[in-house]
Amino acid sequence: MTTTFPHLLLRHAAERPDAPALREKEYGIWQTRTWREAASTVRHMACGLRALGFERGQNLAFVSDNRPHVYLGFVAVQSVGGVPIPLYQDAVAAEMVFVMQDADVAFAFAENQEQVDKLLEVRESVPGIAHIIYDDPRGLRHYDQPGLVSTADLLALGAAWDREHPGAWEALAAQVAPDDVSVILYTSGTTGQPKGVCQTHASFIASARGGVEVDGLSPADNVISYLPPAWVGDHLFSTAQWLVAGFTINCPESAATVQIDLREIGPTYYFAPPRVFEGMLTSVSIRMEDASAPKRWLFERCMALARRVGADLLDGRPVGGWDRFCYALADAAIYGPLRNVMGLSRIRVAYTAGAAIGPDLFRFFRSIGVNLKQLYGQTETCAYVCIQRNGQVQLNTVGAAAPGIELKIADNGEVLVKGVSVLKEYYKRPDATAEVIDAAGWFRTGDAGVIDAAGQLRIIDRAKDVGRLAGGAMFAPNYIENKLKFFQYIKEAVCFGHGRDQVCAFVNIDFEAVGNWAERQGLPYGGYVDLAAKPQVIALIGDCIAQVNADLAAEPGMADTQVARFLVLHKELDPDDDELTRTRKVRRKFVAEKYGVLVDALYAGRTEQFIETQVKFEDGRKGSVSATLQLADARTYPAAAQRAA
Amino acid sequence: MTTPKKIGDVILDVRNISLRFGGVKALTDISFDVREHEIRAIIGPNGAGKSSMLNCINGVYAPQEGSITFRGRTFSHMNSRQVAEMGVARTFQNLALFKGMSVIDNIMSGRNLKIKSNLLLQALRWGPAEREEIRHREFVERIIDFLEIQAWRKTPVGQLPYGLQKRVDLGRALAMEPQVLLLDEPMAGMNVEEKQDMCRFVLDVNDEFGTTIVLIEHDMGVVMDISDRVVVLDYGKKIGDGTPGDVRGNPDVIRAYLGNS
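Order-wise, the sequence lines are chains A and B. The C-terminal residue of the first sequence carries number 645 in our numbering, and the numbering is unbroken. The C-terminal residue of the second sequence carries number 1261 in our numbering, and the numbering is unbroken.
Rather than coming from a laboratory, the hints here were simulated on the basis of the structure. You can take every hint at face value.
Taking lysine to aspartate or glutamate pairs in the EDC-like style, the calculated list, with each CA pair at most 20 Å apart, reads:
hint, chain 1, residue 1, chain 2, residue 2
1, B, Lys1195, A, Glu114
2, A, Lys25, B, Glu1141
3, B, Lys1154, A, Glu264
4, B, Lys1154, A, Glu24
5, B, Lys1154, A, Glu26
6, A, Lys622, B, Glu1193
7, A, Lys571, A, Asp510
8, A, Lys25, B, Glu1138
Some but not every residue of chain A turned toward chain B, in silico, with C-beta under 8 Å:
hint, residue
9, Tyr27
10, Gly28
11, Arg138
12, Gly139
13, Glu253
14, Ser254
15, Ala256
16, Thr257
17, Ile260
Beta-carbon label-pair distances, calculated as ranges:
hint, chain 1, residue 1, chain 2, residue 2, range
18, B, Gln1196, A, Gln630, 28 to 36 Å
19, A, Glu114, B, Thr1155, 19 to 27 Å
20, A, Asp600, B, Arg1255, 52 to 60 Å
21, B, Tyr1162, A, Gln630, 32 to 40 Å
22, B, Pro1156, A, Tyr27, 20 to 28 Å
Positions of the beta carbon are idealized from the N, C-alpha and C atoms, including for glycine.
Using the sequences provided together with the hints, build the complete structure.
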């Protein structure tokens, strides 16, 4: 049963040589590669690497969007006993320096001129990067730095090396063992320096196999690979499950065309973080608000029906004949076309993970017949801990333990995991490894959660983020922030309260949604900073917060953590300014320090505060933004227990 | 960082051009040359005669005096079609795209001169016509890829923002596989980001295809950054000619732009 990724690829090539393995849209046409072609490319890439001097045990960094040569490159590197290290392609050069040094990278794969420039910049401080392989030669013709080689040349070099060394590649590939490290994925570094998570062939294959079995994935499935290859989710779906199930992965033409490409491919299996689904719903909502009154009326009616019976139909629960009939009609008139517009017509299974998903969002997709489910996991567990089974989908939980995984809750509420997907180690960090894995093999996830009677896991917050208010009440900031972020007008929120007497919040407006709202209100504005400072917008956000407070008041033990005061930030929190991680999670402590003035002003009860902040542009230049922010009080509610009494 | 590009021999030589509209002297005795593979800018204040100069090269206007030598053939005035057939393409200051047509169709229209099959075959899309269309479409797709406008391939051009329309205009000119590309204020009316993009495309065109570029531009920063040599016009007369550095220090040029002190 245990095997390695190169062997899986070779098996597909032997069993189904002419079936499609990958597609990429280029020059307006989807170009298909069969498994046979894929295997031959892998072989020549691997031999090319050997010809350049790549040794067993070396690492190769990938800095690229989703391209066939990236996925095939992973396998090529693995086949000669190396380890691929995918990096976030939008990271600036300075952020790559640490990883390149940490992993002793001597070989790197770059997508295009932009990434080559970054790597050359990195090379000034990490001279060990001897070879840079680039996929797209455009603009690179006149580069004469040593060690630059195009993938075309690499493949030619490999083909020649292969002829001179018959049987050498097979011998190398045969040496690869299931317990060898198959990939190092660097954690986004919410706290401190990134750590390299070493996962073996065996654990990623077991994780992929579990998912493939739960959902019955087959070679007939199609996925679109558009998430950063450095994200564990993409590695699970587009690499591990691809090679285990043998379906077809499709690489979009460019980041800007993903939505168009999604519609053209019509994937049957789809994975996206909540923000992508949010984006789809927002664009649908905006277009519906601009539609004529009869269309809006029809849409509202159909959506009301969908909310009532859609999820039940999907889960196979009993639904009355008349409702079934109406749903079928509405499916033909509204839901079907809607799914088509979003490129979800053929979806059998869709997953969301990476952050909590809003209740309205989740229900919306399920009600129109998209089988959207949640899964839970982290880089250290191949994104494979819990998975929702068909028919057992709930909003508040992330599902029951996946096949091959055991779950346990520690005394402090932290979720502990043991099983096939747990990491081998952190690269060169035995201290950090010992910190997260105990002697019995339990991995500490860092998340606080509860397991219910049915074995379903519910995540509340990050274990280390859970704090206490000065009054002793438990304070779960993410829990409140997620409730806030479920409003379409709020893009990001940061709550403070640990050791304080009340909770205060920073809010980032969603420029598109609030901008559209302002246009409908006839409210003129001159850009993000101006819009965020409008009293009407602050009142709008205040209403959202009041609703969250009403919710919190109704929940046992949460009434004290209602948001007392808030402000709307004048700039978007941005990974380039280190305020978010590359996976767009808030760096809470960093934000608290950077905007310390504002936090103090909120707690001091002031009504306005001037702030000047540094910003970094995409090309690395720096500038500053300043504004005087309005600080406002939010409506709060008495606790539900008192009302009930 | 990179090896310098090779600038070749004179490809276009403009000699003593004068152009009058009735009593208005648009151009007076202008001479300059353009070398192969270089980026040559024509700058000057409003009404200096920049666009008129381009229109003379392009064959839209016939100058009363002077001659233009292109690749060794001398003309007293050019003819638009002949110019196009000789490999000179241009973009327009005020966009002249087909607003209702898609990006692909607009760029395809630039291939018009290259299409050999006759109207009937094209209408039926039969045999050689189909093969030819596929070949041209492939070329157009390469331009779309080059200009990074894949996401708007099928969008009617009229719906695109201005900066993108300018890019489509450039794409249509590139579809002619020109040896000389005349760009009439390619950055006019753009924001900083769009200007940066356009600069990169102009440099890339010059670099990748070796296309000689004659460029009219208002934005001095842009001109100084990307051109190899600059001609300065003022009131229809040439007041400067040389590298960006030479021109920047030329007192006549400073006077034309900033007035007398």
